[in-house]
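Participant: Spelled out, the chains give:
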Amino acid sequence: MRILSHNMLQCIVKGCGAANYPLRLNGEAVHKESEYNEDFIKHMMSKIDYPALYQASQDVKIDLPSSLPEDYLDNEEFLKKIHDVTHIEEGGLYCNNCKRIYPIKNGIVNMLLNENEV
Amino acid sequence: MKVAILALIFASAFVAADLWSSCGDSSDVLKIGKIIVSPNPPVAGKPITVEGAGLFRSDVTSGTIYAEVSVDDLPLINLTLPLCSTVKKFRPCPFLKGQQSLKLAVPIPSAVPSGEYVAKVQVFDQNNARVTCVTGKKRIFLVEAEVWINDEHLIFEVSVLMSAKEKLKMWGGSEELPPREIPLKRPYMARFRSQHAEFRIPELRSLAQMFGFLEHLDYGTEQAKLVSQRREELPTSPYLPIACPSQKQIEQVASRSVSLMSFFDLIAVGDTFEELLENISHYPQDKLQALAGNGRTFKYHVDSYGRKMPHAEQLVLMERLTNINGAWESGNIDLKNPQETWTIFVDYGVAKNRPMDDPRRYYLGRKICNTPVDLIEVYNVKKRNYIGTTSMDSELSLMMANQALARSGTIAMDPFAGTGSLLLTCAHFGSMVMGSDIDQRMFRGWGEGKDLKSNFKQYGIENKYIDVIVADNSHTPYRTVPFIDALVADPPYGIRAGARKIGKKRKTILREQKLGITNAHRRSNHIIQCINYAVSDVLHDLLNLAATRLVVGGRLVYWLPTTDQYKDSDLPLHPCLRIISNSEQPLTMRWRRRLITMEKFTEYIPSVHDNLSPEEYGQINLSDDSHGNLKNYWLRIGSNGGPPKEKKGKRKGKGETEGETAEEETAEGEGEEDEEEVAEVEGVEQ
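Those sequence lines, one after another, are chains A and B.
At position 118 of the first sequence the residue is numbered 118 (our numbering), and the sequence of numbers has no breaks.
At position 218 of the second sequence the residue is numbered 218 (our numbering), and the sequence of numbers has no breaks.
Each hint should be verified, as a subset may be incorrect.
Unchecked claim - No farther apart than 25 Å at their CA atoms in a straight line, the calculated lysine-lysine pairs in the DSS-like style are these:
1. B:LYS457 - A:LYS105
2. A:LYS99 - B:LYS504
3. B:LYS287 - B:LYS367
4. A:LYS14 - B:LYS336
5. A:LYS105 - B:LYS501
6. B:LYS501 - A:LYS99
7. B:LYS248 - A:LYS14
8. B:LYS382 - B:LYS457
9. B:LYS299 - A:LYS14
10. A:LYS47 - A:LYS61
11. A:LYS80 - B:LYS457
12. A:LYS14 - B:LYS504
13. A:LYS32 - A:LYS99
14. A:LYS99 - A:LYS81
15. A:LYS81 - B:LYS501
16. B:LYS308 - B:LYS248
17. B:LYS336 - A:LYS32
18. B:LYS450 - A:LYS32
19. A:LYS32 - A:LYS61
20. B:LYS299 - B:LYS336
21. B:LYS367 - B:LYS308
22. B:LYS299 - A:LYS105
Simulated from the structure, these hints should not be mistaken for laboratory data.
Treat the numbers as computed from the prediction; the structure is a model and nothing was measured.
Between the sequences and the hints, there should be enough to build the whole structure, so can you do that?
Facilitator: Following this line, the structure appears as structure tokens:
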């Protein structure tokens with residue numbers, strides 16, 4: 001799972017409340033080379049919640065600036081860093097609020113609830 | 001629609017006023033004489049009367065009018081019209097040698113959008129000798145005209161271009177200067193593939209929108225009819241005359257479309273071959289010369305629809321085309337690598353499933369470009385590394401990606417991704433893709449190298465793959481912000497693939513209550529239980545996902561299974577989404593599916609749109625046989641209708657396809673398993 005995808009996910013346990021975002025991240029960051037796609041990353045940056053991304057990067061010990069650089073759209077070095085922000089192969093997402101864990105196995109996160117949680 | 005542009009054009013061909021000045025010379029056939037214009041200058045709200053007389057030096061029996069009109073230096077109209085049929089309503093050909101007098105009145109409305117109109121009109125006679133050339137320049141608006149000739153009062157009606165009202169509407173209803181983009185449109189011929197007729201126009205429109213010229217694309221409208229010399233669009237025909245501002249746009253569409261085969265420059269149209277030949281002579285001859293002659297190499301091609309034209313007949317057409325005017329005589333035929341391919345389209349049409357004997361229409365086109373139809377083969381499911389039981393056909397997946405406006409810099413998502421068929425084609429066109437599915441076995445496939453991701457590797461589009469997420473569409477885990485540009489989906493409706501969502505079965509609830517079990521889900525080997533996911537709920541959740549997570553302008557493209565009882569009112573709606581297109585694909589006698597394209601056109605406002613009742617959404621009627629409870633409907637009537645049959649396995653009617661049988665079996669199987677079925681989803685250790 002890309003750390004960028006983490007930015008788009010929230011806890012869905014019934015009654016978890018408003019503090020269901022962002023989820024915390026648990027696991028080891030694996031760096032994977034991928035072709036830099038400028039269109040995508042610029043597009044993605046407009047959707048990303050940066051504090052959540054920063055927190056996730058802290059959780060898995062990746063070095064990102066604590067706040068979004070002002071010139072981020074022209075800052076290719078920064079954009080490439082975000083683009084390459086790595087993957088989690090094994091680990092989990094967990095909700096700080098209700099402590100629910102969503103496991104990540106073989107790079108795929110499982111966001112399914114149990115039947116008693118719906 | 002009656003517009004005076006033509007009246008002006010006609011008038012200008014014979015009458016010169018001080019509105020008009022001559023751009024011709026002394027060799028012109030018509031010598032323009034006395035002109036009286038009143039009032040001079042024209043006054044808004046009062047008609048202008050133009051009286052004039054001219055001397056024809058020789059007889060004019062037929063000919064062509066070329067007219068260009070521009071507004072504030074921008075081209076507005078470029079017309080080529082046959083002289084005689086344009087003027088025959090009030091003055092049949094020929095115009096004999098001698099003096100002809102004319103009187104013309106042009107009403108000027110009081111509300112005129114200002115703009116400097118410049119018109120240049122040239123008329124050529126049967127020998128291609130110039131009759132006259134005039135240019136007119138005036139701040140004027142062109143409206144209906146009444147024309148008097150030799151005191152006969154006739155209304156000049158020509159259905160071309162736009163009415164004054166429409167023009168005002170196009171310019172935002174204001175009387176100010178029109179916006180400066182009024183592009184000149186050129187005629188082209190869109191040659192569609194014969195399959196999936198209902199999907200052609202939606203794809204063409206989607207691509208035109210993606211490349212930013214939808215408002216300037218015309219087909220089947222007045223402008224496009226003008227292109228095809230005011231002929232009606234023919235039903236079912238794969239030949240569609242269109243008009244748009246530039247060849248670049250045609251090439252852009254051609255780079256993406258799979259329902260199209262090729263684009264052509266449209267040279268001429270005719271209901272008979274003779275008429276086609278006559279109309280070729282109305283095409284600007286210098287242009288034709290430049291393309292056909294001058295030692296360029298070319299070949300002819302005859303493309304017929306409705307029946308195959310015998311080779312001998314094809315040769316006759318080619319022969320007659322070559323002889324009609326000198327254009328092709330100086331060129332060289334090269335069948336292998338011609339610089340130009342001239343195609344004669346012969347539309348026989350289809351009547352009651354039998355071809356008609358005489359063609360309905362002929363067209364002549366010059367090929368510009370082909371479309372990437374080979375993609376259909378490239379993405380052929382049979383050649384794919386990893387597929388599932390319901391992987392979508394490549395042609396339809398490509399069309400869906402086009403209708404979803406998949407392109408670089410966008411995010412496409414499939415909430416029922418399965419083996420990722422729909423995502424592959426979106427990724428091919430440049431979108432970054434995400435998918436989710438309740439069944440993670442679909443993603444993982446047969447392991448490394450035989451899973452969803454390996455398909456992306458196979459096509460070299462791995463860098464477009466973001467992630468797949470195991471998730472239940474009824475409890476979507478995506479953050480409630482608009483971040484998706486395109487949602488593509490072939491949702492499971494319980495006919496071919498069972499639709500499941502997470503939930504506790506009634507039986508389990510009773511057993512747990514009886515045994516006092518409260519923590520079954522905490523066991524390490526616990527398997528999540530799934531229950532049936534009703535079609536109306538699938539649709540409700542899908543539309544809700546689109547309304548909340550799509551960006552404004554983003555699209556939802558999905559398949560809706562229906563029966564032959566389908567009504568437009570069956571379509572699920574959402575106040576934030578509007579329907580862009582709705583095309584039917586027949587599957588069997590009774591069963592259809594429809595590709596629905598919706599666009600999110602307004603922001604989702606939680607205080608307004610949360611907690612809407614199904615009635616307020618539009619209608620998602622549980623009891624509706626069209627899609628409300630398809631499985632029950634299926635079990636009740638079978639695939640071809642009729643009374644319910646008692647014996648299982650004997651529902652198959654005559655003339656059904658193999659695919660259908662497979663579907664039926666699946667449906668039956670599901671009918672039996674009902675609630676007893678073991679949960680399908682893999683367990684999650686906790």
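Participant: Take the C-alpha atoms of A:LYS14 and B:LYS336, compute the straight-line distance between them, and say whether it is at most 25 Å.
Facilitator: violated (68 Å)
Participant: Holds or violated: are the alpha carbons of A:LYS14 and B:LYS504 at most 25 Å from each other?
Facilitator: Holds - the C-alpha atoms of B:LYS504 and A:LYS14 are around 15 Å apart, at most 25 Å.
Participant: Are A:LYS99 and B:LYS504 close enough, with their CA atoms no more than 25 Å apart?
Facilitator: OK: A:LYS99 and B:LYS504 at ~22 Å, within 25 Å.
Participant: Is it true that the CA of B:LYS299 sits at most 25 Å from the CA of A:LYS14?
Facilitator: Cα-Cα ~69 Å, so violated.
Participant: Given the hint that A:LYS80 pairs with B:LYS457, test it: the Cα-Cα distance must not exceed 25 Å.
Facilitator: holds (22 Å)
Participant: Can you confirm whether the C-alpha distance between A:LYS105 and B:LYS501 stays at or below 25 Å?
Facilitator: Status holds; Cα separation ~21 Å.
Participant: For the pair supplied as a hint, A:LYS32 and A:LYS99, confirm whether the alpha-carbon distance does not exceed 25 Å.
Facilitator: violated (29 Å)
Participant: Given the hinted pair A:LYS47 and A:LYS61, is their Cα-Cα distance within 25 Å?
Facilitator: With a Cα-Cα distance of about 23 Å, the restraint between A:LYS47 and A:LYS61 holds, given a limit of 25 Å.
Participant: Given the hint that A:LYS32 pairs with A:LYS61, does the C-alpha gap stay at or below 25 Å?
Facilitator: Cα-Cα ~16 Å, so holds.
Participant: Does the alpha-carbon distance linking B:LYS299 and A:LYS105 stay inside the 25 Å limit?
Facilitator: With Cα atoms ~60 Å apart, B:LYS299 and A:LYS105 exceed 25 Å; violated.
Participant: Given the hinted pair A:LYS99 and A:LYS81, is their Cα-Cα distance within 25 Å?
Facilitator: Answer violated: A:LYS99 to A:LYS81 is near 30 Å, above 25 Å.
Participant: If you draw a straight line from the CA of B:LYS336 to the CA of A:LYS32, is it 25 Å or shorter?
Facilitator: violated (48 Å)
Consistency with the previously given hints fails for numbers 4, 7, 9, 13, 14, 15, 16, 17, 22, ordered from lowest to highest.
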